[in-house]
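Colleague: Chain residues, written in single-letter form:
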Amino acid sequence: MENKLRGKSAIVGTGHAGFGEAPGLTAYDIMAEAGLAALADAQLKLSDVDGLFCTMMEDSMPALMAAEYLGIRPRFVEGTMTGGSSFVNYITAATMALAAGLCDVVLIVYGSNQRSGSGKLVTASRPPPYEQIYRPRYPISAYALAAARHMHEFGTTREQLADVAVAARAWAQHNPEAFERGDLTREDVLAARMVSDPLTVRDCCLVTDGGGAIVMVRSERARDFPKPPVYVLGCAAESTHRQISQMPDFTVTAARESGARAFAAAGVSPSDIDVVELYDAFTINTVLFLEDLGFCEKGEGGAFVEGGRIAPGGGLPVNTNGGGLSCVHPGMYGIFTVIEATRQIRGDAPGLQIANVDLALAHGNGGTLSSQVTAILGSENTL
Amino acid sequence: MVLPKCNACGRFHFFPRVVCPHCYATSFTSHEVSGKGEIHTTTVVRRPPDRGGDYNVCIVELEERVRMMSRIEGVAPPDVEIGMAVIAYAGEIDGTPAVLCRPEGG
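Sequence lines, in order, name chains Z and P.
Following numbering that gives the first Met the number 0, the numbering of the first sequence begins with 0 at its first residue and continues without gaps.
Following numbering that gives the first Met the number 0, the numbering of the second sequence begins with 0 at its first residue and continues without gaps.
Treat the hints as calculated values from the structure; they're not laboratory data.
Treat the hints with care, as some may be off.
[Said to hold, decoys possible] If you anchor each label on the Cβ, the simulated ranges turn out as follows:
| no. | chain 1 | residue 1 | chain 2 | residue 2 | range |
| --- | --- | --- | --- | --- | --- |
| 1 | P | Pro102 | Z | Ser117 | 35 to 45 Å |
| 2 | P | Pro48 | Z | Glu158 | 38 to 48 Å |
| 3 | P | Lys35 | Z | Glu299 | 30 to 40 Å |
| 4 | Z | Ser268 | P | Pro48 | 46 to 56 Å |
| 5 | P | Thr25 | Z | Gln42 | 47 to 57 Å |
| 6 | Z | Glu299 | P | Gly94 | 19 to 29 Å |
| 7 | P | Glu37 | Z | Arg136 | 51 to 61 Å |
| 8 | P | Val17 | Z | Glu158 | 38 to 48 Å |
| 9 | Z | Arg72 | P | Glu72 | 50 to 60 Å |
| 10 | Z | Gly100 | P | Val17 | 32 to 42 Å |
| 11 | P | Ser29 | Z | Arg136 | 24 to 34 Å |
[Stated by the list, open to error] Some chain Z residues well away from chain P (every beta-carbon gap over 12 Å; in silico):
| no. | residue |
| --- | --- |
| 12 | Gly6 |
| 13 | Thr25 |
| 14 | Val76 |
| 15 | Met95 |
| 16 | Arg125 |
| 17 | Ser140 |
| 18 | Glu219 |
| 19 | Gln245 |
| 20 | Gly298 |
| 21 | Arg345 |
[Claimed, not checked] A few chain P positions that, by computed beta-carbon distances, are all more than 10 Å from chain Z:
| no. | residue |
| --- | --- |
| 22 | Asn6 |
| 23 | Gly9 |
| 24 | Ser29 |
| 25 | Gly73 |
Built from N, CA and C at the ideal position, the CB exists for glycine as well.
Throw the hints in and build the complete structure from the sequences for me.
Modeller: In C-alpha cells form, the structure reads like this:
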C-alpha cells in the first residue's frame with residue numbers, strides 16, 4: 000500500500016460465529032452469522048453493505064454464493080483466493096475501493112464448518128501437480144519441510160517450536176472464546192503423536208468450525224459508529240510460490256517484503272508494535288514470521304520464543320487470543336488476526352487485554368508459506 | 000533424465016513450462032542431466048504399519064540448481080538427512096512417472 004492510503008480506511012465492526020463446533024450449520028450459515036455480528040457491532044444493516052469481500056474453501060465462486068445467500072447486490076465484489084491470507088489481503092483492495100468511492104461500506108467475511116462437516120481441511124483446490132504423487136500430507140508436510148531446514152541451518156529445536164504452542168495455549172486459557180483451554184506443557188507437545196517430522200499433532204493448528212467478519216468504512220465517517228475506530232495504517236503483500244517445492248528459500252518467507260512495506264507505509268517499526276497477531280498454522284510459522292517481520296534476526300526466532308517470551312507476561316504479546324493453535328482454526332485463519340488486533344486496539348479483547356494498545360500487527364499466511372500479507376492497524380492516536 | 004535449459008540465460012528450471020522463470024525468455028533446449036544432487040530438506044510422513052508404514056518425502060536439489068519434491072529409496076525414512084548426496088532418477092510410483100532418489104554410491 001502506498002503511503003497516501005495511510006489512515007484512509009477504518010475497521011468499525013468485527014464479528015465471529017460458530018467457534019469450535021457448530022453442528023447443523025453450513026459454511027455459508029456460519030459466514031452469514033459472522034457477517035451479521037460484525038454489522039451489529041457497527042450498528043449497520045446488511046442493506047448498507049455495498050462492498051463484499053469473501054472467499055470460502057468449498058466453491059469456485061464463493062463471493063457470489065455469499066452475496067446471494069445474504070440477499071445483497073454489492074457494487075464491488077472481491078474474491079481473490081490467496082488461501083488463509085485472503086482476508087488480510089482484502090484490506091488493501093477494500094481501502095482502495097473505499098478511497099475511490101467505489102463503495103461505502105465493506106464487509107469482509109468468511110465461514111467454515113470443516114470440523115463438524117468433514118473433520119479435516121476442506122479444499123476445492125487441485126492437488127499440486129508436481130508433488131501429489133509423493134503423498135506429502137497437506138498442509139503439514141510442507142511446513143515440516145520448512146521446519147526441518149530451519150533446524151538444520153540455525154539449530155532451532157523441537158523444544159523451541161513446542162514453546163510456541165505452549166505460549167498460544169497460555170493465552171487461550173484466558174480467552175473464553177478459545178476452543179482448546181486445557182493445560183499444555185513443552186513435554187506434552189514433544190510427546191504428542193508425530194505426524195510429519197519434526198511436527199507433532201500439537202505443533203499443528205486446530206481443526207474447528209468458525210467464521211469471522213470485519214466492517215470497513217472511509218475514515219472520515221469512522222467516528223460515527225459505536226466502537227472506537229481502528230485505522231488501517233499500512234497493508235502489503237508478496238507471494239513467492241504455490242507448491243512448497245518451489246519455495247525459493249525454505250527458511251525465509253515473503254513476510255520479509257510484505258512486512259517491510261507495511262511498516263514503511265505505516266511509518267512505524269517493529270519496536271513500536273504493541274501486539275502481534277500472526278497466522279500460526281504450525282509452530283514454525285510463528286518463528287519464521289517473527290524473524291521475517293523484523294522482531295528478531297533471521298535464525299534467532301527459536302531462541303526468541305523460548306522461556307515464555309511470547310506468552311502472557313512475556314516481552315512481546317503474540318497471538319493474544321490463543322491463535323490458530325489454540326483458539327480457532329476453521330481452515331483460513333487470517334481474518335482472526337485482524338479481529339483480535341482490532342479488539343486489542345479497541346480495548347475489548349475477549350481474553351487478556353494488553354494495556355494501552357495503539358499499534359497492532361496482523362499477519363496472514365496463505366497456501367504453504369506461499370502468500371504473505373501484513374497489516375498495521377492503529378488507534379486514533381496513531382493518525 | 001532431461002531438464003529444460005533456457006537458451007537465453009542458460010539456467011535450468013523445474014517444472015517444465017513455456018516461459019523461463021528466471022529471465023522470462025521462451026526458448027529452451029532439453030539437456031540430459033546426471034541426477035547428482037543432495038537432500039535439501041526432508042520429512043518422515045507417519046502412517047500406521049497396517050496402512051504401509053512411515054515413508055519419506057524430501058526436496059532434492061540437483062547440481063543444476065533446481066529443486067523438486069522426491070522420495071529417497073533404499074534408506075530407512077528416519078535415516079534420511081539434509082545434505083545427503085543422492086542420485087535422482089526417473090522412476091515410478093504406482094505406475095505413474097516420478098523422480099526418485101537413491102544415495103550416491105548406494
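Colleague: Look at each hint and say if it fits the structure.
Modeller: Hint by hint, here is what the structure shows:
no., hint, verdict
1, Pro102/P <-> Ser117/Z: 35 to 45 Å, "holds (40 Å)"
2, Pro48/P <-> Glu158/Z: 38 to 48 Å, "violated (28 Å)"
3, Lys35/P <-> Glu299/Z: 30 to 40 Å, "holds (34 Å)"
4, Ser268/Z <-> Pro48/P: 46 to 56 Å, "holds (52 Å)"
5, Thr25/P <-> Gln42/Z: 47 to 57 Å, "holds (56 Å)"
6, Glu299/Z <-> Gly94/P: 19 to 29 Å, "violated (47 Å)"
7, Glu37/P <-> Arg136/Z: 51 to 61 Å, "violated (24 Å)"
8, Val17/P <-> Glu158/Z: 38 to 48 Å, "holds (47 Å)"
9, Arg72/Z <-> Glu72/P: 50 to 60 Å, "holds (58 Å)"
10, Gly100/Z <-> Val17/P: 32 to 42 Å, "holds (40 Å)"
11, Ser29/P <-> Arg136/Z: 24 to 34 Å, "holds (33 Å)"
12, Gly6, "holds (37 Å)"
13, Thr25, "holds (32 Å)"
14, Val76, "holds (30 Å)"
15, Met95, "holds (28 Å)"
16, Arg125, "holds (14 Å)"
17, Ser140, "violated (5 Å)"
18, Glu219, "holds (43 Å)"
19, Gln245, "violated (8 Å)"
20, Gly298, "holds (15 Å)"
21, Arg345, "holds (41 Å)"
22, Asn6, "holds (22 Å)"
23, Gly9, "holds (19 Å)"
24, Ser29, "holds (17 Å)"
25, Gly73, "holds (16 Å)"
The structure does not agree with the numbered hints 2, 6, 7, 17 and 19 stated previously, though it agrees with the rest.
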